[in-house]
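Undergrad: This note's numbering puts the first residue of the sequence shown at 1, with every later residue one more than the last.
If you are wondering where the hints come from, they were derived from the structure by calculation, not from laboratory data. All values reported here derive from a predicted model rather than from experimental measurement. All C-beta atoms in this analysis are idealised placements derived from N, C-alpha and C, irrespective of residue type, glycine included. Take these hints with a grain of salt, some might be off.
[Claimed, not checked] Label-pair ranges, simulated between beta-carbon atoms:
#, residue 1, residue 2, range
1, Glu111, Arg26, 17 to 27 Å
2, Glu22, Asp56, 48 to 58 Å
3, Val49, Glu22, 20 to 30 Å
4, Gly27, Ala114, 34 to 44 Å
5, Ser115, Glu22, 53 to 63 Å
6, Leu73, Arg108, 37 to 47 Å
7, Trp29, Trp62, 48 to 58 Å
8, Ser115, Val83, 29 to 39 Å
9, Arg108, Trp29, 27 to 37 Å
10, Ile72, Glu111, 41 to 51 Å
11, Glu22, Glu58, 37 to 47 Å
12, Glu22, Ala57, 14 to 24 Å
13, Gly117, Thr84, 14 to 24 Å
14, Leu109, Leu73, 40 to 50 Å
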Amino acid sequence: MAEARGIEVFGRGATVVETGVEPVRRGPWLGILSILLGVLVASATALGVLSMAGGDAEGARWWAYAAIGGGILGAVCGVTAMVTRRGTATGFAGLLVSLLANPWILTRLLEAAASLGA
């Protein structure tokens, strides 16, 4: 068992105090959640496009709202996973997927690409 060492500050002198506390193992669950949210955002965006192609503009709008909200949540989870080191690589991947599948950002990127080609 790994033991943490500390210094007793308010006692007599600098006495070393031994504690039996083990470091907390952090799992990559937050980064995995970010990737799952990114996949859900991509799915909601695809369902919105399919709804619009089917002529259901109201349904497409609600799928877009769901994708934008999920994209924001996925991006927050990805940044949090990177900062807290709970799945740094998976958090970064989830952040990218959440941002690139977000319909609002996706339309801005496509508009910029179309203006470069014209």
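Undergrad: If a hint holds in the structure, say so; if it does not, say that too.
TA: Consistency of the hints with the structure:
no., hint, result
1, Glu111 with Arg26: 17 to 27 Å, "violated, 40 Å"
2, Glu22 with Asp56: 48 to 58 Å, "holds, 55 Å"
3, Val49 with Glu22: 20 to 30 Å, "violated, 50 Å"
4, Gly27 with Ala114: 34 to 44 Å, "holds, 42 Å"
5, Ser115 with Glu22: 53 to 63 Å, "holds, 56 Å"
6, Leu73 with Arg108: 37 to 47 Å, "violated, 19 Å"
7, Trp29 with Trp62: 48 to 58 Å, "violated, 29 Å"
8, Ser115 with Val83: 29 to 39 Å, "holds, 35 Å"
9, Arg108 with Trp29: 27 to 37 Å, "holds, 31 Å"
10, Ile72 with Glu111: 41 to 51 Å, "violated, 20 Å"
11, Glu22 with Glu58: 37 to 47 Å, "violated, 55 Å"
12, Glu22 with Ala57: 14 to 24 Å, "violated, 56 Å"
13, Gly117 with Thr84: 14 to 24 Å, "violated, 41 Å"
14, Leu109 with Leu73: 40 to 50 Å, "violated, 20 Å"
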